[in-house]
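**Q** In order, the protein sequence lines correspond to chains A and B. Residue 1 is where the first sequence starts when you use the numbering used here, and the numbers rise one by one after that. Residue 1 is where the second sequence starts when you use the numbering used here, and the numbers rise one by one after that.
What the hints contain is simulated information worked out from the structure, not anything from laboratory work. For clarity, every value in this text was computed on a predicted model and none was experimentally measured. Where a beta carbon is used, it is the ideal one built from N, C-alpha and C, also for glycine. The reader is advised that the hints may include incorrect statements.
[Stated by the list, open to error] DEER-style ranges, computed between Cβ atoms:
hint	chain 1	residue 1	chain 2	residue 2	range
1	B	Glu105	A	Gln48	57 to 65 Å
2	A	Arg39	B	His116	37 to 45 Å
3	A	Arg39	B	Gly288	21 to 29 Å
[Claimed, not checked] Where chain B lies over chain A, by a calculated footprint (3+ residues, C-beta under 8 Å):
hint	segment
4	48-62
5	86-95
6	101-114
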Amino acid sequence: MTPEQITLVQSSFERLGPGLPTLATRFYRELFGRDPALRPLFATDLAQQEASFAEKLTEIVRAIPRLEELLAHTRALGARHAGYGVRAADYQTVGTALLDALAAVLGDGFDAPTRQAWALAYNLVAETMLEGAASARPIGS
Amino acid sequence: MLAGVAITLPRWPIVGRRSELEMFERVLGSGEHAGLVIHGPAGTGKTRLADECRQQAAAGGHPTERVAGSRTAALLPLGAVTALLAGGLGRPGPDGQVDTVALFEETRRALHERHHGRCLVTVADDASLLDAASLALLGYLAAQKTIFLIATVRTGEPVPDLLTGLWRDGRVERVDLTDLSRAHLDTLLHLALGGPIEAGAGRQFWEVTRGNPLYVHELVLGAVESGALVERSGVWHLEDRLPATSRLLDLVEQRIGGLSAEARSVVELLALCQPLDLGYLEEALPLGALESLERAGLVTISIADQEVSLAHPLHGEVVRAHMPRLRARAILLAEAGRLEAPNPEPGPAALRIAVWRLDAGGRPDPAVLVRGARLARDAHDFRVVRRLIEAVPEEQLDAVGALLLGEALYEVGIFDASERVLALGQGLPSSEHVALRLAVTRAKNAHWGLCQPEAALAINAGARTVVTSGPLAEELVASEASVLMFSGRPDRALTVLERLAGDDRRTRTVRAIVEAVALAATGRTAEAVGIAEAGFAEHVALGDELAIAHPATHIVNQVFALTEAGRLAEAEQLGRAGAEIVASQRVPIAQIWFAANLGRVAILQGRVATARRYYAEAAGLAEASRFAGPRRLALSGLALAHAMLGDADAAEQALAERATLPAFGFLGPEQQLADAWTAVASRRPAEAIDLFRAAATQAASTGHQTTESWLWHDLMRTSGQDASARLLELASACDSPLVSARARQAVAVRARDARELTGAAGDFEALGAMLLAAEAASGAAEALSRAGDRRAATAAVRRSDALAAACEGAATPGLVHAAAPVPLSGREREVAMLAATGMASRDIAERLYLSVRTVNNHLQHAYTKLGVSSRADLAQALGSNP
Chain A
1 MTPEQITLVQ SSFERLGPGL PTLATRFYRE LFGRDPALRP LFATDLAQQE ASFAEKLTEI
61 VRAIPRLEEL LAHTRALGAR HAGYGVRAAD YQTVGTALLD ALAAVLGDGF DAPTRQAWAL
121 AYNLVAETML EGAASARPIG S
Chain B
1 MLAGVAITLP RWPIVGRRSE LEMFERVLGS GEHAGLVIHG PAGTGKTRLA DECRQQAAAG
61 GHPTERVAGS RTAALLPLGA VTALLAGGLG RPGPDGQVDT VALFEETRRA LHERHHGRCL
121 VTVADDASLL DAASLALLGY LAAQKTIFLI ATVRTGEPVP DLLTGLWRDG RVERVDLTDL
181 SRAHLDTLLH LALGGPIEAG AGRQFWEVTR GNPLYVHELV LGAVESGALV ERSGVWHLED
241 RLPATSRLLD LVEQRIGGLS AEARSVVELL ALCQPLDLGY LEEALPLGAL ESLERAGLVT
301 ISIADQEVSL AHPLHGEVVR AHMPRLRARA ILLAEAGRLE APNPEPGPAA LRIAVWRLDA
361 GGRPDPAVLV RGARLARDAH DFRVVRRLIE AVPEEQLDAV GALLLGEALY EVGIFDASER
421 VLALGQGLPS SEHVALRLAV TRAKNAHWGL CQPEAALAIN AGARTVVTSG PLAEELVASE
481 ASVLMFSGRP DRALTVLERL AGDDRRTRTV RAIVEAVALA ATGRTAEAVG IAEAGFAEHV
541 ALGDELAIAH PATHIVNQVF ALTEAGRLAE AEQLGRAGAE IVASQRVPIA QIWFAANLGR
601 VAILQGRVAT ARRYYAEAAG LAEASRFAGP RRLALSGLAL AHAMLGDADA AEQALAERAT
661 LPAFGFLGPE QQLADAWTAV ASRRPAEAID LFRAAATQAA STGHQTTESW LWHDLMRTSG
721 QDASARLLEL ASACDSPLVS ARARQAVAVR ARDARELTGA AGDFEALGAM LLAAEAASGA
781 AEALSRAGDR RAATAAVRRS DALAAACEGA ATPGLVHAAA PVPLSGRERE VAMLAATGMA
841 SRDIAERLYL SVRTVNNHLQ HAYTKLGVSS RADLAQALGS NP
């Protein structure tokens with residue numbers, strides 16, 4: 001990522017402000033709409049799931065400029081998701097759902113450079129989460 | 001330069017390969033797979049992914065191992081897999097052969113024990129460059145689930161047959177790697193550098209590398225080293241332009257070219273002799289030298305194996321390509337000298353040393369070379385056998401070495417040299433086993449290679465004075481029978497086989513090779529099919545041994561026997577399956593025989609153009625592998641097919657090519673079909689009749705009963721001459737419905753019996769012999785029309801036309817006379833149709849692979865038959881008679 005892209009992700013996230021719960025709701029709606037089979041992998045209480053999503057997203061967006069800190073968050077998160085049964089292919093679906101949810105909530109503010117910056121940020125997060133997932137799930141264990 | 005690396009980069013990350021890693025996890029965990037193949041262009045990260053898989057497996061508690069192919073190690077049988085070989089290279093048996101099966105099994109047991117039954121996850125990097133013996137061992141261990149194989153194969157390199165085989169059977173999964181997307185490249189840079197990069201620099205990396213991971217790796221590390229890429233306030237900037245090369249190899253060269261002399265010498269040593277002992281390198285090099293090479297991403301150090309190797313195969317390639325020959329020689333000899341152990345037993349290390357000496361142009365220990373050659377021989381790697389044994393000075397060559405070299409020379413088609421070395425070997429002291437094999441191999445070379453069956457029989461007779469013990473003497477009998485059969489004497493071959501008393505597996509196997517063909521030729525086709533089938537099973541159980549033909553020979557024989565039995569569809573199916581297998585295993589002699597037999601089947605099916613294609617393929621393969629006898633047979637078939645297509649010029653040409661080859665007796669009478677049919681196509685009917693008669697007489701005197709029936713029947717087809725009496729005799733002497741149908745037609749033709757002709761057409765059609773069926777139906781039409789039954793005659797013509805439509809343009813006399821009212825031959829019709837579209841003769845000739853003269857001949861015949869005199873009238877005339 002470029003420094004400008006990191007700034008774009010953080011500033012657009014700040015702009016969300018009180019809209020964050022809406023983003024969380026929208027995200028899960030987009031996600032399960034795309035792949036209903038993913039629904040059972042998440043907590044039954046969706047409201048609780050949404051709250052924890054918003055919290056994690058905030059932590060991660062704040063940590064993006066400092067890679068070590070970001071990795072600490074994402075690797076642990078990935079390891080947890082591996083336990084839920086989320087697979088590499090699912091990360092693609094999650095990414096699209098996130099970008100579409102952001103587009104819906106941010107409206108015109110979500111222009112092409114912002115979308116590009118979020119896509120890269122998500123890719124970075126997804127790759128490192130998957131790395132954490134792999135080390136949490138050694139073969140044969 | 002390396003000392004100038006200011007920062008320590010984190011371990012190089014792996015990005016965009018998580019689905020592949022997940023797949024690995026799944027297939028390893030399933031317990032059903034033997035391995036994973038990683039395929040992709042250079043630099044897409046195959047090696048890295050394989051190593052990542054290996055690490056993941058290690059984290060899960062699997063023992064792991066790594067072997068790598070390289071162009072130098074490919075020469076050395078089992079050289080690449082020494083790490084897996086626990087107890088040396090196996091002991092030779094009584095006849096000097098290494099028992100490969102026992103060696104593999106011993107290795108399997110040792111690994112099983114060493115790892116307490118846990119599957120050993122083994123990376124085989126650059127598997128295409130592994131020698132055949134190493135691949136065979138890996139295949140064996142993977143099939144036994146002793147190892148789980150992770151093989152990398154670079155796009156454009158041949159995928160080893162072992163892997164394609166396992167893949168086809170669903171035993172291995174395959175992933176195809178491509179370059180990274182732009183997003184993945186950005187992520188990779190971010191993780192490798194540990195922070196953001198300015199936009200212009202990121203774009204430049206993308207534009208130069210297009211996402212090729214190795215390229216990125218080389219470029220980033222190079223740019224950091226040179227100070228072109230620097231970090232300021234947490235952001236990476238490009239101070240200088242990236243190297244202006246678009247080729248990955250250039251980039252690797254630049255990086256290696258920038259190494260200090262000391263670092264370079266380590267890289268060179270590894271490129272030639274890797275992997276090297278970690279302890280040795282640590283001792284030999286100044287402190288930190290190895291670490292800085294590792295940090296620069298040029299070498300990988302395995303603490304667990306105490307080994308050092310180059311990080312990427314490309315590094316080795318570049319270094320070797322640029323190393324002066326003398327320098328390489330010096331390094332190899334020094335390394336050989338350093339490792340030379342006082343240990344006289346040739347083990348894996350001795351083999352490595354031998355090949356280093358060989359590469360350096362030095363003199364390795366002959367015992368080690370012979371041992372290596374045995375292993376290569378077991379893997380059918382005859383070129384390596386030849387290279388290793390030819391390095392043994394002739395005065396030091398023993399009988400076993402002579403046998404190995406003679407056989408290898410025969411297999412690669414250098415028959416004179418094979419004869420010389422085998423004769424030499426027969427003069428050396430040896431066990432009876434080796435003496436026998438020298439004799440049998442020398443006889444085989446004399447017969448098949450030099451086309452001298454009499455010499456082969458003399459070699460056999462001579463060996464009988466040396467080889468006297470029971471089972472071995474039996475083999476000489478089988479060899480004698482083989483020479484007789486495949487020089488055109490099935491009758492005498494069967495008589496000789498009666499002397500064969502032994503009933504051990506080897507005797508049964510060698511017996512079946514001769515007996516199946518001899519029985520089929522003499523008309524006992526059902527027995528022949530059964531013997532060929534059983535022979536294959538016996539041969540597989542016996543394993544592959546010196547001085548016996550390839551196991552696929554039995555399948556070839558079965559195809560031949562099925563054809564003679566008139567089971568054409570089965571013959572075709574089996575032939576095609578067999579051809580595919582031997583093509584993938586690259587067994588040239590078997591490929592020739594399958595192609596030639598498929599040509600025979602196609603001729604009998606009436607698929608004449610297909611036959612032409614198969615025979616041409618067989619002739620080409622035979623020419624390439626220098627077997628004159630099979631080439632002669634293939635060219636005969638090719639001439640026959642051309643002649644049946646009405647192309648007299650091409651047929652003559654094939655015969656002229658055949659005339660340059662020595663005589664070869666196998667299927668001799670059948671070869672003469674070509675001469676007779678060429679005379680038919682060239683409109684020399686009297687000569688054709690003489691040729692058919694002479695060939696049939698020869699067939700009768702040598703026991704070729706099915707061929708004799710073919711010849712008499714073709715005489716009748718092409719000239720109308722009666723041969724019904726002899727054909728009836730043959731029909732009762734043979735068990736083949738094809739032979740019976742021929743007799744039925746001949747009798748019906750003589751009696752002008754329309755009903756019987758229709759019946760014969762039905763017989764041929766049921767056998768899948770469409771051309772013969774079409775001709776018989778056309779004969780029926782003629783008889784019916786002569787009898788005044790015009791309706792039935794018209795129906796028979798239609799039937800004949802429909803059957804002829806499957807015959808791919810056949811232009812035999814039996815068809816040409818047939819299709820009243822407009823009796824155009826298939827070829828004439830084809831030419832006329834094209835001419836009617838306004839195409840010039842030259843273009844038609846090109847399109848149909850004919851000469852212009854032949855096209856004009858066909859056209860003239862068509863004009864006459866259709867009663868037209870110009871191309872303009874053709875369309876209309878054809879329009880009413882499509």
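**Q** Would you mind marking each hint as holding or not holding in the structure?
**A** Each hint tested on the structure:
{"no.": "1", "hint": "Glu105(B) - Gln48(A): 57 to 65 Å", "verdict": "holds (59 Å)"}
{"no.": "2", "hint": "Arg39(A) - His116(B): 37 to 45 Å", "verdict": "holds (43 Å)"}
{"no.": "3", "hint": "Arg39(A) - Gly288(B): 21 to 29 Å", "verdict": "violated (55 Å)"}
{"no.": "4", "hint": "48-62", "verdict": "violated (count 0)"}
{"no.": "5", "hint": "86-95", "verdict": "holds (count 4)"}
{"no.": "6", "hint": "101-114", "verdict": "violated (count 0)"}
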